[in-house]
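Peer 1: Now for the letters of each chain:
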Amino acid sequence: MSMRIRSNLFLTVGLLAAVCLTGCENGQSKKDEKPSISFMSIALSQDVLSRRGSQKIVSAYEEYTGIQVDWTWVMSDVYGETLSYVMRDKSNLPMIVTYGGELSGDVVKEARNGSFWDLRPFLEMEELFPNLSQANEKILNALTVDGEVIGIYRSREIGRYGLSYRKDWAEAVGITEEPQTAEDVYELLYRFTWNDPDGNGKDDTFGLEMTRYTGSFDIIQTWFGCGNQWVEEDGVLIPVHETEAYLEALNWLRRIYEDGLMRPDWPLVDSETSGNALKNGQAGAVVNVMGDGTRAWRYYEENGISSVAEEGENASICMVGPIEGATLATSGYNGFFAITKAGAKTEEDVSQTDGAQYGLNQAVCYIPRLSNATHPEKQSVMNQAQEAAYERNREAAVYNPASGYLPQSRVFEEKGTTLDAIIEDARTMYVCGQIDEAQWREEIERWNQEGGAALKEELNQLHQEK
Amino acid sequence: MRGMRKRGNSPERQEKSYDTYLFHNMVLWLTVPLLIMAIIIYSVYFRGENNKSRLVLQSYSMQMQDIFNHYLTDLKEYYLDVINEDSYQQMNQMTNAPFSDIPFARKQQTLLSGGRIEGYVNGYTYVNLRNEWVLSNCGMYSYEKLRDRETLDSFLEERKTESSEIEWVNYGDGMEPNQTLPGYGELDFSGVLMLMKTYSRAGELESVLAVQLNMSYIQQRVEFYESAGYEILWMNGADVLFETSPEIADLLQSALENRETGDVVQSGSYLVTASFDESNGMSCLFGYDTSRDRREITTALLLAGAFLICYVVLMYFLRRKSSVLAQPFLRMKETKEEQEQHIRTLFVTNLLKGEINSEAVREMICKYRYPVHPGFRMMFIRLKGEELPMEQVLAGIPSEIREMVYITPVIYRDSIAMIIGGDEEYQVEYQTATVFKAMEAYAVKEYGCTLLAGISRHFTDLSLAMQAGHECHEVLLRKAREETDDYSLGVYDDFELLRGEKTASVSSEDEFYEAVSSCNEEEAVRLLIIILDQLDQRKLWGEHRAFYVYRLLIGLLEIPEKEVSQLSEIFERGQLRIFEWKDLVVDRKKLQIFIIEEMIRPIIAELQKCQSQRDSEIVRKMMKVIRERGGNVTLTECAEVLNYHPGYLSRVLRQEKNVSFLDMVNAEKLKMAKHLLVTTKLSIAEVSEQLGYNNVQNFIRFFKNQTNLTPAQFRKEARDEHANPI
Chain H
1 MSMRIRSNLF
11 LTVGLLAAVC
21 LTGCENGQSK
31 KDEKPSISFM
41 SIALSQDVLS
51 RRGSQKIVSA
61 YEEYTGIQVD
71 WTWVMSDVYG
81 ETLSYVMRDK
91 SNLPMIVTYG
101 GELSGDVVKE
111 ARNGSFWDLR
121 PFLEMEELFP
131 NLSQANEKIL
141 NALTVDGEVI
151 GIYRSREIGR
161 YGLSYRKDWA
171 EAVGITEEPQ
181 TAEDVYELLY
191 RFTWNDPDGN
201 GKDDTFGLEM
211 TRYTGSFDII
221 QTWFGCGNQW
231 VEEDGVLIPV
241 HETEAYLEAL
251 NWLRRIYEDG
261 LMRPDWPLVD
271 SETSGNALKN
281 GQAGAVVNVM
291 GDGTRAWRYY
301 EENGISSVAE
311 EGENASICMV
321 GPIEGATLAT
331 SGYNGFFAIT
341 KAGAKTEEDV
351 SQTDGAQYGL
361 NQAVCYIPRL
371 SNATHPEKQS
381 VMNQAQEAAY
391 ERNREAAVYN
401 PASGYLPQSR
411 VFEEKGTTLD
421 AIIEDARTMY
431 VCGQIDEAQW
441 REEIERWNQE
451 GGAALKEELN
461 QLHQEK
Chain R
1 MRGMRKRGNS
11 PERQEKSYDT
21 YLFHNMVLWL
31 TVPLLIMAII
41 IYSVYFRGEN
51 NKSRLVLQSY
61 SMQMQDIFNH
71 YLTDLKEYYL
81 DVINEDSYQQ
91 MNQMTNAPFS
101 DIPFARKQQT
111 LLSGGRIEGY
121 VNGYTYVNLR
131 NEWVLSNCGM
141 YSYEKLRDRE
151 TLDSFLEERK
161 TESSEIEWVN
171 YGDGMEPNQT
181 LPGYGELDFS
191 GVLMLMKTYS
201 RAGELESVLA
211 VQLNMSYIQQ
221 RVEFYESAGY
231 EILWMNGADV
241 LFETSPEIAD
251 LLQSALENRE
261 TGDVVQSGSY
271 LVTASFDESN
281 GMSCLFGYDT
291 SRDRREITTA
301 LLLAGAFLIC
311 YVVLMYFLRR
321 KSSVLAQPFL
331 RMKETKEEQE
341 QHIRTLFVTN
351 LLKGEINSEA
361 VREMICKYRY
371 PVHPGFRMMF
381 IRLKGEELPM
391 EQVLAGIPSE
401 IREMVYITPV
411 IYRDSIAMII
421 GGDEEYQVEY
431 QTATVFKAME
441 AYAVKEYGCT
451 LLAGISRHFT
461 DLSLAMQAGH
471 ECHEVLLRKA
481 REETDDYSLG
491 VYDDFELLRG
501 EKTASVSSED
511 EFYEAVSSCN
521 EEEAVRLLII
531 ILDQLDQRKL
541 WGEHRAFYVY
551 RLLIGLLEIP
561 EKEVSQLSEI
571 FERGQLRIFE
581 WKDLVVDRKK
591 LQIFIIEEMI
601 RPIIAELQKC
611 QSQRDSEIVR
621 KMMKVIRERG
631 GNVTLTECAE
641 VLNYHPGYLS
651 RVLRQEKNVS
661 FLDMVNAEKL
671 KMAKHLLVTT
681 KLSIAEVSEQ
691 LGYNNVQNFI
701 RFFKNQTNLT
711 PAQFRKEARD
721 EHANPI
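From first to last, the protein sequence lines are chains H and R.
Okay, so the first sequence: first residue is 1 according to our numbering, each after it adds one.
Okay, so the second sequence: first residue is 1 according to our numbering, each after it adds one.
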């Protein structure tokens, strides 16, 4: 329940940003009457505007911003479909449309057709939009099509990824210091596997929890300095799998697998079970979103899972975050608000000089960055630990320098899935010891032949153009 | 005035109760049909609804059956395809779990997880029995790595006995609730499973594929029906695979024993139908809870009832309000009622007084719609021994008694007069008795005294009411005179029988005589009129009338005779003219004038005179003797008869009347002579003979001495006088 309310709150508060951008500005053109804007958004539950307190939020919001909002809430499962229909009907287009996820080829096409306003000029007006102008340049890059910023991103924690492990197990196997290096982590996983951390005398534990979702590998790879999908070397973008650091990381992972520090059938494990092993004491560490650690910890507390190291205590999680001073950055956003030219007809609708007095600074929660300041969960130990880990992760985050180019790439649009699958399968096989280094390199060559080379060329071209 | 006010109250009370009665009727007439209508609609609606429900249930059950069938067919077809794939066969042959060929295992997982029928299944477990390894959506293990070998063993043990290639079983909640997906080395055999077995050529069980059905997929598809109130039970043999409500599972099952597909039966509040799929061994049961509808309409009816109650309350409220507004009208009504009562009273009183003739009576009855009866009796009632204002008594008469009385009871001659009508004589009699009893009860209760009642004879015309009134009055008088407490009820008929025709109006006549003898001229005149009226009203003519008239006159003449010796002393010179009485019998006016002028007044005058100089007993006795002997008596003879000394008598006469005995004899003789001369046609000689004269000359001399007229002259003058009166 609290999660639900929270997500609702997130969503609503999140919307304030974009609304203010257009709405407040709109308000200036007709000073006397309350300006009205139309807004299409993703609903996570059927009763977005009928839940207890919803109307309070809306009215407080409207009072605060001086804008009347004509909401269109569409359920998330049909949102994509509905949006594609809506976009075709230019006459009834809402001023603001919400896009979920990351920038997709379809949106790029729409943007190239000139459906959206270029927000770059507005975001540069620091005086008018003190908050929005602080938008993260790296994230804005990802929303840039042909040099135009097409949306205000809904920011997401950049430092979500990192290592979490079971603290009481570590104590039980004699590790008291947080691991700093990949080697420390290996030691930790090894002991979790073979030193019977739960003390039941059975060989029934693994070091690292792993499912068929290989995001964990991407995170671990950054520990070895191989970047986030793409890496810029001497001004040239190259895919990470072509770096030596990548192979080094793979070798490390292969060692983990061969030493039995993760379950042997991991590529066959439903990714939905992620976190289960940590919760039910089958594995001692997870490299994924920090939330997996937080949830496991909360699970221990709620179910009274007792610590194996200290009697009378519940089990707990140590949230480390980066190893070797590095971790994977997220895209930094999850969805964005685009302002349609069909909905917001004139430039005046979008740009108004006095917008600042309507409190954009207060209303925006996504930019400069998501703030959890008012959340009650903040008070709990787990959330504090998570927040601290986020902090560390943000500083150590490794970004993808090509994130802005990929959606614009025609090669990626055509062959991206195939290309990703080649590397994904090869990596899995290599880690599981089914191919050797030579075969790995053969797979990379195949990747290049299948279109990888062309992709490199295109991205680099986009990179040069910028 | 008090009586009036009191009478004023009771109609108001009546008015109010009538008003309430009307109002209740109105409310009743409104609510009862509404209620009846509601009940009819309720039942009709239900019959219709039930039929409709049956049809809808049949149609829906087919639709739902289709959903299940499609689901099962798709599932079966897909997985039959899967197990016939080469790769599946290959998997059966693998001696070890294919850890060394992860892409192959992944491909198998993709196949097993549903592929084109995505969403149908939650998970799957492939068990290679021959080589002892397991592949599920959550991992791949050899038997040694299983954490819970027993679950698998017991599962396989159970399944080995079944020889069919496809089975459907429900294992219920196998997993712990907080652990949605199995961990490493764990297997999930919970929920509804489709089992597919493969056998080696030798007929040995090679592998078992357990596909966990996604019941929420089914749930979503039948959600509409469920939300519309339909219950579903999907069974495989005796195994429940899917149910919307465990509570009614038994009900559905028991309702459909020995039934064919498509039958609709009623079980409790449920309508149930089923379809049986023999080939799969599946049965689907569908139920619809009709009490849902009932609840709805019951709620509606309750609402309607509440509305009705509100309405009635509102009506009462309005009524209370409106009664204030209606007060002037009510008062008018009251006044009208009073007036009507007044008219009734007046009418009855006039009937009693005989002031309206039968024509007018008929008009009145017509006009005021009084009932018409062929026979009546009159009853006069007085309270015995109590001096109470009769008005008060009358006003207090209970309404049930009033209703029995014709038109209305009135007060007449210090009595409460009641006319009682009826169709038959005996009815009238009975009714009269009833009224009397009721009145007596009322009197005893209210005033603690008994009644005196006089009842008239049966009469047939209301114009005879006066006569009846007299009869009643007479009875009352007689009763009062008898002064016996034994009989408080007197009926005129009784006197009639005792006395025959003669005493038609004894009581009035007696009163009349009394009035005359007590010198009350006024009262006498009043009574006389009544008596004469009675005569008129009784329609007595000819000899009958003459009889009564003569009796009255004679009775009248008897009064002074008791007091005074000679009638001739009062009626000088042939005043009485008895021979002409015949004319008087016919002419009422003349009779009345005659009686008043020439009889009552002289008699009263004489009586008054007598009373003023009343003779002593002795004188009267003497005069009586003289009158009896016709004057032919001496003082000595007289003294002998009266046993007195003659000298004493003479002295008394001288003292009291200053006359001698002879004077008195002469005066008596003269009176008789005059009387005979006027009233008879006897000759002077015959008159002198009758008066005891031996010599007619002596009589003439005597007459002349006394009157200065000869007898012949006297007779002549008297006759002339009569022939030309004044």
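I should point out that these hints are in silico values taken from the structure, not numbers from a laboratory.
Positions of the beta carbon are idealized from the N, C-alpha and C atoms, including for glycine.
Warning: the hint list may mix true and false statements.
[Said to hold, decoys possible] No more than 30 Å apart at the CA atoms, straight line, and that leaves these computed lysine-lysine pairs for BS3-like: (1) R:K145 - R:K107; (2) R:K107 - R:K76; (3) H:K415 - R:K107; (4) R:K336 - R:K367; (5) H:K90 - H:K341; (6) H:K202 - R:K145.
[To be verified] A short list of chain R residues far from chain H (calculated; beta carbon distances all over 10 Å): (7) I102; (8) M140; (9) L156; (10) S399; (11) K445; (12) E617; (13) S650; (14) N658.
Peer 1: Each hint: holds or not?
Peer 2: Hints versus structure:
1. Pair hint K145 of chain R plus K107 of chain R holds up; C-alpha atoms about 22 Å apart against a cutoff of 30 Å.
2. Distance check on the hinted pair: K107 of chain R and K76 of chain R sit about 20 Å apart at the alpha-carbon level, within 30 Å; holds.
3. A threshold of 30 Å between alpha carbons decides the hint, and for K415 of chain H with K107 of chain R the separation of about 21 Å falls inside it, so the pair holds.
4. Between K336 of chain R and K367 of chain R, the direct Cα distance comes to roughly 16 Å. Compliance with the 30 Å bound is thereby established for this hinted pair.
5. Proposed proximity of K90 of chain H and K341 of chain H is supported: the alpha carbons are some 9 Å apart, at most 30 Å.
6. Between K202 of chain H and K145 of chain R, the direct Cα distance comes to roughly 12 Å. Compliance with the 30 Å bound is thereby established for this hinted pair.
7. Not every Cβ of chain H is farther than 10 Å from the Cβ of I102 of chain R; the closest lies at roughly 5 Å, contradicting the non-interface assignment.
8. Chain H draws M140 of chain R into its interface by the beta-carbon criterion, the shortest separation being 4 Å against a cut-off of 10 Å.
9. Consistency note on L156 of chain R: stated as away from chain H, and its beta-carbon is indeed over 10 Å from all of that chain's, at 21 Å minimum.
10. Non-interface call for S399 of chain R relative to chain H: holds, since the shortest CB-CB distance, roughly 69 Å, exceeds 10 Å.
11. The Cβ of K445 of chain R lies farther than 10 Å from every Cβ of chain H, with a closest approach of about 76 Å, so its non-interface assignment holds.
12. Taking the minimum C-beta to C-beta distance to chain H, about 128 Å, the non-interface status of E617 of chain R holds against the 10 Å cut.
13. S650 of chain R, annotated as away from the interface, keeps every beta carbon of chain H farther than 10 Å; the closest lies near 144 Å.
14. The claim that N658 of chain R is not at the interface with chain H holds, since no C-beta of that chain comes within 10 Å of its own (minimum 138 Å).
Hints 7 and 8 from the list above are not met by this structure, while the remaining hints are.
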